[in-house]
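Asker: My request is simple: use the sequences and hints to build the entire structure.
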Amino acid sequence: MKQNKVSLTHYAMKKQDIEAYIGLGGYHGLKAALDMDRSEVVKEVQDSKLRGRGGAGFPTGKKWAGVPPSEETYVVCNADEGEPGTFKDRYIMENTPFLLLEGMTIAGYAVGAKKGFIYIRGEYPTIAETLKKALEAARSQNMLGNNILGSGFSFDIEIKRGGGSYVVGDETALLSSLMGKRGFPWMKPPYPTEKGLWDRPTVVNNVETLSYVPLILAHGAAAFSKIGVEGSTGPKLYSVSGHVNSPGVYEFPMGVSVKDLIEAAGGVQGQLKAVQIGGTAGPIYDAESLSMQLDYDAMQTAGGTLGSGAVVVMNSKTNMAGVLDVSMRFFAEESCGQCFPCRYGTRQLNYMAQRIAAGTGRQSYLQLMQDTGEVMQATSFCPFGQSVSTPLNSLLQHFGDEVKGFIQQQDYVKEVI
Amino acid sequence: MPNVNIDGRPIEVETGTTILEAADKAGIDIPTLCKHEDIAPLGTCGMCMVEIDGKPDYVRACITQAQEGMQIRTHTRELRRIKRNLLQLVLAAHPDDCLQCIRHGECELQKLAEKFEIRDLEYDQYTRGLPIDSSAAGIVRDMNKCIGCGRCVEVCQNLQTVKAISFFGRGADTIVSPGAETNMGSGVCVNCGQCVVYCPVGALHEREQTDHVWEAIENPELHVAAQIAPAVRVALGEEFGMAPGELVIDKIYHALKMLGIDTVFDTNFSADLTIMEEGTEFLNRLSAGGPFPLITSCSPGWIKFGETYFPDLIENISSCKSPQQMMGSLIKTYFSETRGIPPEKIVSLSIMPCTAKKFEADRPEMNDSGFKDVDYVLTTRELARMIRQAGISFDKLDGVTSDSLLSAYSGAATIFGATGGVMEAALRTAYELHTGKPLENINLKAVRGMEETKTASISIDGEELRVAVVHGLSNARELLSYVYNEQQAGRVPYHFIEIMACRGGCVGGGGQPIENSLYQRNLRGQGLYKEDSGLPFRKSHENPEVAALYEHYLEKPGGERSHHLLHTHYTRRDAYTL
Chain A
1 MKQNKVSLTH YAMKKQDIEA YIGLGGYHGL KAALDMDRSE VVKEVQDSKL
51 RGRGGAGFPT GKKWAGVPPS EETYVVCNAD EGEPGTFKDR YIMENTPFLL
101 LEGMTIAGYA VGAKKGFIYI RGEYPTIAET LKKALEAARS QNMLGNNILG
151 SGFSFDIEIK RGGGSYVVGD ETALLSSLMG KRGFPWMKPP YPTEKGLWDR
201 PTVVNNVETL SYVPLILAHG AAAFSKIGVE GSTGPKLYSV SGHVNSPGVY
251 EFPMGVSVKD LIEAAGGVQG QLKAVQIGGT AGPIYDAESL SMQLDYDAMQ
301 TAGGTLGSGA VVVMNSKTNM AGVLDVSMRF FAEESCGQCF PCRYGTRQLN
351 YMAQRIAAGT GRQSYLQLMQ DTGEVMQATS FCPFGQSVST PLNSLLQHFG
401 DEVKGFIQQQ DYVKEVI
Chain B
1 MPNVNIDGRP IEVETGTTIL EAADKAGIDI PTLCKHEDIA PLGTCGMCMV
51 EIDGKPDYVR ACITQAQEGM QIRTHTRELR RIKRNLLQLV LAAHPDDCLQ
101 CIRHGECELQ KLAEKFEIRD LEYDQYTRGL PIDSSAAGIV RDMNKCIGCG
151 RCVEVCQNLQ TVKAISFFGR GADTIVSPGA ETNMGSGVCV NCGQCVVYCP
201 VGALHEREQT DHVWEAIENP ELHVAAQIAP AVRVALGEEF GMAPGELVID
251 KIYHALKMLG IDTVFDTNFS ADLTIMEEGT EFLNRLSAGG PFPLITSCSP
301 GWIKFGETYF PDLIENISSC KSPQQMMGSL IKTYFSETRG IPPEKIVSLS
351 IMPCTAKKFE ADRPEMNDSG FKDVDYVLTT RELARMIRQA GISFDKLDGV
401 TSDSLLSAYS GAATIFGATG GVMEAALRTA YELHTGKPLE NINLKAVRGM
451 EETKTASISI DGEELRVAVV HGLSNARELL SYVYNEQQAG RVPYHFIEIM
501 ACRGGCVGGG GQPIENSLYQ RNLRGQGLYK EDSGLPFRKS HENPEVAALY
551 EHYLEKPGGE RSHHLLHTHY TRRDAYTL
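Sequence lines, in order, name chains A and B.
Residue numbering for the first sequence follows the working numbering, beginning at 1 and increasing consecutively.
Residue numbering for the second sequence follows the working numbering, beginning at 1 and increasing consecutively.
Just to be clear, a hint being listed does not mean it is correct.
To be verified - Using C-beta positions, here's what the derived DEER-type ranges look like:
hint: 1; chain 1: B; residue 1: 14; chain 2: A; residue 2: 200; range: 22 to 32 Å
hint: 2; chain 1: B; residue 1: 486; chain 2: A; residue 2: 163; range: 36 to 46 Å
hint: 3; chain 1: A; residue 1: 200; chain 2: B; residue 2: 445; range: 16 to 26 Å
hint: 4; chain 1: A; residue 1: 145; chain 2: B; residue 2: 486; range: 50 to 60 Å
hint: 5; chain 1: A; residue 1: 139; chain 2: B; residue 2: 169; range: 35 to 45 Å
hint: 6; chain 1: B; residue 1: 445; chain 2: A; residue 2: 163; range: 45 to 55 Å
hint: 7; chain 1: A; residue 1: 20; chain 2: B; residue 2: 183; range: 32 to 42 Å
hint: 8; chain 1: B; residue 1: 8; chain 2: A; residue 2: 200; range: 40 to 50 Å
hint: 9; chain 1: B; residue 1: 173; chain 2: A; residue 2: 300; range: 28 to 38 Å
hint: 10; chain 1: B; residue 1: 486; chain 2: A; residue 2: 139; range: 55 to 65 Å
Unchecked claim - Here chain A is said to cover these stretches of chain B; the calculated rule only asks that three of the stretch's residues, wherever they fall, bring their Cβ under 8 Å from a Cβ of chain A:
hint: 11; stretch: 40 to 50
hint: 12; stretch: 160 to 170
hint: 13; stretch: 350 to 363
hint: 14; stretch: 531 to 540
These are calculated hints, taken from the structure and not from any lab test.
C-beta atoms are modelled at their ideal positions from N, C-alpha and C, and glycine is treated no differently.
Answerer: What follows is the structure, encoded as structure tokens:
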């Protein structure tokens, strides 16, 4: 084994081969888990202080501990990676799928499930194939299926492909879709851990979350929790994209600064102007953000969210009216349409942003857009609609003058013509 | 039992009560657009947001339970501002044609806009330019007016389980639509119209036929003969400010005469006739040993539902036409011959609480008189519009009697309009015809009321007959699935089943005045039972005009002419042909 033990990228392989994976130290976590009581596995994950890597940051061990005993329990892997600028789950599934399968199997053992589903976004067809082959390989080595490694524990995984909706990344909407219904979110409580798939207890975890679980079991909770910072332990995969020289997925301990991350990604192309962190629903910061620390608590203190760990870098050539337009179009296209504020609000925001970008905007739109974001924040059914105001307000806070100037300039052009 | 404080008013409520219900109890009206008291909460509109002390975010009152110690505020300055803005978002996407809208004055969106003093819109308005689907016989859908609350989908999918409409598309393009690229006319829609009565706006409404009826009335060459269904007589008054359940049948006769209808009959007559035919059919099956159960056939929404989802039970459905269609074929034969008016000069009009009756009248097999047996079907609401347009002060009318020949009715007929009524009417007659003895207690309370599924057993000549009554198609689906499974196992769980497509029976039909909630339906039903209890004869076989009809024309129940004019057959339908 290599030196860097508690690292996901350590297991990355060009060609997917289960024996090579085992050679890298794979399945040590599962073996360790199967030698323990279920409750001990849950305790180990709790002690690691691993938090959900999908965006919400809920403590994984706490989620598992909340699963009531049931005849039928499910583990669902949320692989509906739809957040713009986020491609870390894709990295895992392409380069180290066995780690995910191992993590799910451990999760299944810990919560008493016999069946797992990987809900993978429809836009990842080749990765779904990679996973299917990996499943076959894992079954052939008795890492999945009946009586895994002679432990008496049986578990198998099925792959389900999504239909291309962003909102289905929300765990309740994902479960609706998985059951063959329209991908509408539902009201919590009841939480899926109590009443999920077909009303059975269901644990929904993100790809990255599950993929760190084998490392915790193989090396111990302490080895994991000593990495990172207080409140956000372990390493994390960050997706860096935009105007950097080497966009890609980078693994750093929790709490890495934006500056260090951008440097690792080869630095900014040109002069840094803005950074959006945590996905499309995250705030858009100016260059001051370089000193920010990328962990759950620090980001929350900064009025943002770590989200999926996406960092989108924009240089000085970026037109912020254009960014506003793209951002609002995303929300309009991906709103599921269930609740009024989101359905109508995203439509109006998209319309106004589009007009601003096209040079036919009005100054009054800026206030109206913020009012709309506020209504959506206050009345939307799920976090999707509630979060539109975050990128909107932060963009206008940092770059409002630029957008205003852009509208003015267009007014001037119109007058001259 | 939690104690909460809403807008300064302390109130104790039952555990499990939502904040919305608690506020209602405290006399506080929280605005809603998607929540309806008869339908499970949907949580889509966001108009019921309230503030709770100590909670960072507003919550939806419709889906949040009141919990001990909650301090709730419902109409703060901030909440009013946010809801005004939310309403503006909805209105900006809504056509600006209130004055021409069928729901003008009865629109929940309009009422909220008024309540919140929306005088202008900050947003640019837009319309979706969607085609209007008027392919169904009974229901028109204008999705440009749809606000996407989801009530109709909930009703169609879960309360009726017809599964004709669902959500498609997403975001601003979200649309409620029939599936598999069908339209309302070609899909599984049964025209029950429950989507219509729960729609808060004018996106769903009846297919209007008042123009044709005016034309027929005003044509001196034509003789218009009308019939009025049982459930209309306890509901039409609501359109003129009277209470639900108030019996206004004499005023309806009067208004129809004033409108220029030449002859006014009563569907209650043919309800009695239905009992004679269906009772005979039942007794015939009893002596033949089946097939059981016999299922009633008065409700055309149920008939199409049965043809679509339970085609294997078709032989269990009574071959009797509905009272509307029996009357239709008699108007163009018996009435035509008796009065010497050629059938081609007769326009047969029926006033129904129902949108599915429009579909039923259009069924190709409904022309046993040699003509279309029922030419036009008006809903209760359409008749109200005609009465208003004619300047008739309905509530001030003295009332007149109907025309003889096809009008006399028993108490058994009038309760057809309420769930359980057909069963009760049938048993009153079947018992006496079969045993030859008078039924001691004719008030069969076990089959009355709003309970979803009612069962009873009655002993006729020592034979124990099991009967069941369901209303609302989800209840029908559940019962029939059970019946089907029992049948497969060679068992007969019931001998006789009454099914009404709409909850509450016809009093809650898709053509009834809006509000048409369970509350109104219950009162209307009570109005019918009240009329029944005060009528001089209460059993169908005591109806003198029915007796005369058999004597002079039909000969006997179940006879050859009856079979030709009063009975029908059914069609197996595929749910979706792809």
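Asker: Holds or violated: the 32 to 42 Å window for the beta-carbon distance between residue 20 (chain A) and residue 183 (chain B)?
Answerer: violated, 57 Å
Asker: Confirm or reject the coverage of the stretch 350 to 363 of chain B by chain A under the rule of 3 or more residues with a beta carbon closer than 8 Å to the chain's beta carbons.
Answerer: violated (count 0)
Asker: Taking 40 to 50 Å as the hint, is the beta-carbon distance of residue 8 (chain B) and residue 200 (chain A) inside that range?
Answerer: Hint holds: Cβ distance 44 Å, inside 40 to 50 Å.
Asker: Hint says 22 to 32 Å; check whether the CB-CB distance for residue 14 (chain B) and residue 200 (chain A) agrees.
Answerer: holds, 29 Å
Asker: For the hint 36 to 46 Å, verify it against the beta carbon of residue 486 (chain B) and that of residue 163 (chain A).
Answerer: holds, 39 Å
Asker: Lying within 45 to 55 Å: is that true of the beta-carbon distance residue 445 (chain B) to residue 163 (chain A)?
Answerer: Given range 45 to 55 Å: holds, Cβ gap about 52 Å.
Asker: Confirm or reject the coverage of the stretch 160 to 170 of chain B by chain A under the rule of 3 or more residues with a beta carbon closer than 8 Å to the chain's beta carbons.
Answerer: Result for this restraint: holds, n = 4.
Asker: Would you say the C-beta atoms of residue 486 (chain B) and residue 139 (chain A) sit inside 55 to 65 Å of each other?
Answerer: Taking Cβ atoms as reference, residue 486 (chain B) and residue 139 (chain A) lie about 44 Å apart, which means the hint is violated.
Asker: Do the Cβ positions of residue 145 (chain A) and residue 486 (chain B) conform to the proposed distance bound of 50 to 60 Å?
Answerer: violated, 41 Å
Asker: Would you say the stretch 40 to 50 of chain B counts as covered by chain A, given the rule of at least 3 residues with C-beta under 8 Å?
Answerer: With 6 residues close enough to chain A, the hint holds.
Asker: Examine the stretch 531 to 540 of chain B for residues whose CB is less than 8 Å from any CB of chain A, and state whether their number is three or more.
Answerer: Per the Cβ count (0), the hint is violated.
Asker: Do the Cβ positions of residue 173 (chain B) and residue 300 (chain A) conform to the proposed distance bound of 28 to 38 Å?
Answerer: holds, 34 Å
Of the numbered hints stated above, those contradicted by the structure are hints 3, 4, 7, 10, 13, 14, listed in ascending order.
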